[in-house]
Structures are given as structure tokens and as C-alpha cells.
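S.K.: Sequence:
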Amino acid sequence: MTEKFKTGLCVLALLLAILAAYVQEMSCRQSADLGSGARQGPFATVVQTGPGR
0 MTEKFKTGLC
10 VLALLLAILA
20 AYVQEMSCRQ
30 SADLGSGARQ
40 GPFATVVQTG
50 PGR
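Under numbering that gives the first Met the number 0, the first residue of the sequence shown is numbered 0, with each subsequent residue one higher.
What the hints contain is simulated information worked out from the structure, not anything from laboratory work.
The model shown is predicted, which means the values in this text are computed figures rather than measured ones.
Honestly, I wouldn't trust all of these hints.
[Claimed, not checked] Restraint-style ranges between C-beta atoms, simulated for each label pair: (1) PRO50 <-> GLN23: 46 to 56 Å; (2) LYS3 <-> PRO50: 53 to 63 Å; (3) ARG28 <-> GLY7: 27 to 37 Å; (4) MET0 <-> SER30: 38 to 48 Å; (5) CYS27 <-> GLY7: 28 to 38 Å; (6) PRO50 <-> LEU14: 43 to 53 Å; (7) PRO50 <-> CYS27: 24 to 34 Å; (8) GLN29 <-> LYS5: 31 to 41 Å; (9) PRO50 <-> GLN29: 31 to 41 Å.
For glycine and all other residues, C-beta sits at the position ideal for the given N, C-alpha and C.
My request is simple: use the sequences and hints to build the entire structure.
M.R.: Right, here's the structure in full:
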């Protein structure tokens, strides 16, 4: 019984994370459509280059 409860919580947490990512992506796309200029995407990776690279 405990294992089913844990599995249910994990599935719920995963679905909530996917929903949050979807809402963030749609929000970013809508704000980009309004002409807010060049922006990074919500999941963009920032790469820093230092001396010697």
C-alpha cells in the first residue's frame, strides 16, 4: 500500500513539473510575440568563456 502511495506522489510531482514547464514556455512565447526584443529562451544555457578558451 505504501509503495502505491509513493508511486502516486511521484507521478503527481512529475505531472506538475511538466505542467509548470509548459506554462512557462507558453508565457515566454506570448511575451516574445508582444515585441519585447531579443530574449533568451526559458531553457537556454548560458555559456561563459574565460581567458584561454
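S.K.: Tell me the numbers of any earlier hints that the structure contravenes, in ascending order.
M.R.: Hint 1 alone not satisfied by this model.
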